[in-house]
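Letter 2 of the sequence shown, counting from 1, is numbered 2 in the numbering used here, and no numbers are missing.
Derived by calculation from the structure, the hints in this document are not laboratory data.
Be aware that one or more of the hints could be misleading.
[What the hints assert, rightly or not] Computed Cβ-Cβ distance ranges for the label pairs, DEER-style:
hint : residue 1 : residue 2 : range
1    : D49       : P5        : 35 to 41 Å
2    : I39       : M17       : 35 to 41 Å
3    : A42       : A11       : 25 to 31 Å
4    : D49       : A13       : 31 to 37 Å
5    : T9        : D49       : 43 to 49 Å
6    : V40       : G20       : 22 to 28 Å
7    : Q69       : P5        : 29 to 35 Å
8    : C26       : H3        : 17 to 23 Å
9    : P5        : K25       : 19 to 25 Å
10   : V40       : F16       : 21 to 27 Å
11   : P5        : C26       : 17 to 23 Å
12   : I39       : A13       : 36 to 42 Å
13   : P5        : I39       : 34 to 40 Å
Glycine is no exception: its CB is placed at the ideal position from the N, C-alpha and C atoms.
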Amino acid sequence: MRHHPARRTLAQAQAFMGFGVGRLKCVASMWAPQAAGLIVAAVCAALEDGLSIREGQKLGGREGWAGWQTYT
Numbered sequence: 001m002r003h004h005p006a007r008r009t010l011a012q013a014q015a016f017m018g019f020g021v022g023r024l025k026c027v028a029s030m031w032a033p034q035a036a037g038l039i040v041a042a043v044c045a046a047l048e049d050g051l052s053i054r055e056g057q058k059l060g061g062r063e064g065w066a067g068w069q070t071y072t
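All chains should be built: construct the whole structure from the sequences, respecting the hints.
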């Protein structure tokens, strides 16, 4: 299953508030996505020399991960 925002109804789209809205808006709404990117980059950099990923035969869906292995 893939993420398709167009499948949401108008009510669902209006109800989605990932970081809140108005006075209750998350104070880190601008900072959090950048922080997540920095954390992922730091983890990838730390694992760069000791990690390799080998592709399985299929891609997509949950089955797409079958056959993938990590080596450290």
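Of the numbered hints stated earlier in the document, which are not met by this structure? 2, 3, 4, 12 and 13
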